[in-house]
Amino acid sequence: MTTTLSVLIVDDDPALLQALPQALRLRMGGVTVETADSAAAALERIAVQDYDAIVTDIKMPGMDGLALLAEIRTRRPDTPTLIITGHGENELVVRALRGGACDFIQKPIDRGYFVAALYRAIWAHVQNRRVKDRQVALECCAGELERILDGLERELGALPGRRAP
Amino acid sequence: MPETATEHPQTAVADPGAAVTAEQRLRAHVETLERRLRKRDEQRRAMLHIMGDLSEFNKRLANQRKAMLHVLADYEQDRRRLAHQTERLDSSRRALLHILQDSHQDKLRLEASRKAMIHIMGDLRETTAEMQRREQELRDKQEQLVQAGKLATLGELTTGVAHELNNPLNNIGLFVGNAVDLIELAVTEKGQIVRELGHAMQQVSKATEIISHLRTFGRAAPVSREPTSLRQVIERALSLMREQLRLREIEVTVDLGPEEPVVLGNAIQLEQVFINLLTNARDAVAEAPRKAIRIAGSTGSGAVEVSLADTGHGIPSGLEQRIFDPFFTTKEVGKGTGLGLSITYGIIKEHGGTISVMSPPGEGATFLIHLPLAPAGTKDPPHDDDAERPHR
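Taken in sequence, the protein lines are chains A and B.
Last residue of the first sequence? That's 174 in our numbering, and every number before it is there in order.
Last residue of the second sequence? That's 437 in our numbering, and every number before it is there in order.
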């Protein structure tokens with residue numbers, strides 16, 4: 010993760026939008042943190058930028074975290090999304106995980122845990138992307154090999170004295 | 046005597062002496078007769094005099110008789126009048142007798158009544174003592190009920206409040222953590238650390254305010270009456286409910302007009318009234334297409350009227366009278382205690398006010414509270430500088 014990472018934090022509490030980005034900046038060097046105070050504002054940002062991770066509060070007026078998660082899964086299916094929940098809101102956690110959240114963070118937020126979860130999510134995302142890239146590359150290679158194989162077979166068949174199988 | 050002179054006339058003629066004697070006798074006789082005559086004449090005159098006197102007397106008598114007749118007539122009249130009066134007196138006497146008899150009866154009856162009254166008074170005294178005991182008991186129970194209601198309200202508020210409290214606590218952790226990180230990273234710029242800690246302090250104040258408000262609200266304090274600003278009461282109630290209303294996207298508007306209505310009452314109890322009404326409104330608008338609660342007030346002479354209207358489904362017709370009954374609830378089992386509105390009703394009544402509800406079909410419910418203003422000259426309520434504006 011050498012390149013600059015970008016993270017979007019979505020919460021309706023202005024104090025949290027001050028504290029959490031600062032914590033990330035201090036603990037994750039070189040990360041760019043952007044904030045949105047509502048799900049609607051977050052969707053506007055997502056439309057113009059592909060973030061490495063999105064962190065959203067689950068309880069928000071208007072569109073809540075779960076609805077935002079569903080939107081993100083539609084618009085940016087690869088972007089890992091972490092959900093912030095209150096303590097003991099297990100039902101919401103399960104719904105979020107089923108809805109495609111890659112992890113959840115309970116309030117009060119443990120910064121170490123939060124940074125670790127975010128790292129892991131981004132790492133997994135990057136790994137996924139790398140796997141996909143490699144898969145694409147491998148598919149390309151496989152195609153190339155297929156073509157070479159086809160060519161070789163054709164050349165082999167054209168040799169004099171060789172009977173067709 | 047005349048017989049004597051005439052008896053012997055031949056004797057006088059025959060005898061001259063005898064004649065002289067006879068003459069003498071005759072003369073004497075005449076003298077006697079004259080004397081007698083004179084005497085008779087005197088008697089006659091005396092008699093005449095007497096007769097005159099008698100006539101005079103008779104006249105006077107006649108006059109007196111006439112006068113007497115008048116007197117008699119008067120007397121007769123008087124007598125008749127007297128008889129009449131006697132008759133009247135008699136009937137009066139009889140009436141009086143009746144009255145006296147009645148009075149006696151009355152007296153007897155009065156005596157009996159007095160005795161009965163004494164019994165009743167005794168009973169009444171006992172009943173009054175019993176009533177006072179019951180009243181005290183009722184007052185105690187009511188206070189307990191109010192306290193129970195407050196705790197029930199607090200219980201209902203807990204989820205929202207826990208969330209509200211969790212946020213500043215979480216933020217404090219983050220800000221302080223950032224400050225620790227800055228120190229550990231040996232950041233020389235103090236300003237950045239101080240800023241983080243300043244933010245943390247702000248969040249501490251926020252949490253402290255919530256907790257102190259909850260403690261004040263839940264405290265079983267003796268109910269006192271003080272000049273209380275209704276605006277502050279409503280704002281404080283809203284501050285406890287804010288998070289719940291905000292998360293449910295319920296639009297709240299407050300318009301109490303330019304006046305500052307001050308009522309003589311208990312701020313905590315009045316706050317409970319608005320929390321109960323807001324809780325009901327919150328639940329009522331849950332499924333409504335438009336979620337709004339409007340609190341409006343107008344201050345008139347001597348009284349303030351506050352209405353709290355929601356855009357919910359309203360109250361089913363026929364239940365308007367029952368909703369203030371204790372333990373009456375239309376909410377699902379386990380969702381409501383059915384105490385909120387009955388406690389609200391009790392508190393408003395205790396404050397000398399009234400509460401009613403209007404719920405026209407197809408519209409939300411509107412609760413109307415009418416409270417007497419504090420008499421002029423009472424001390425102004427303490428200004429609550431910490432009261433936050435709860436408007437979204």
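Quick caveat, the hints were computed from the structure, so don't treat them as lab data.
Treat the hints with care, since some could be wrong.
Unchecked claim - Computed cross-link-like contacts, SDA-like style, restricted to lysine to any residue with a CA-CA straight-line distance of at most 25 Å:
#1 A:Lys-68 x B:Ser-284
#2 A:Lys-68 x B:Lys-336
#3 A:Lys-68 x B:Gly-218
#4 B:Lys-251 x A:Gly-71
#5 A:Lys-68 x B:Thr-324
Here is how each hint holds up against the structure:
For the suggested pair A:Lys-68 and B:Ser-284, the alpha carbons sit about 18 Å apart, so the restraint of at most 25 Å is met. Proposed proximity of A:Lys-68 and B:Lys-336 is supported: the alpha carbons are some 18 Å apart, at most 25 Å. At roughly 20 Å between alpha-carbon atoms, A:Lys-68 and B:Gly-218 fall within 25 Å of each other, so this suggested pair holds. Annotation: proposed proximity of B:Lys-251 to A:Gly-71 holds, straight-line Cα distance about 24 Å (limit 25 Å).
As the CA atoms of A:Lys-68 and B:Thr-324 are separated by approximately 19 Å, the hinted pair is consistent with the 25 Å bound.
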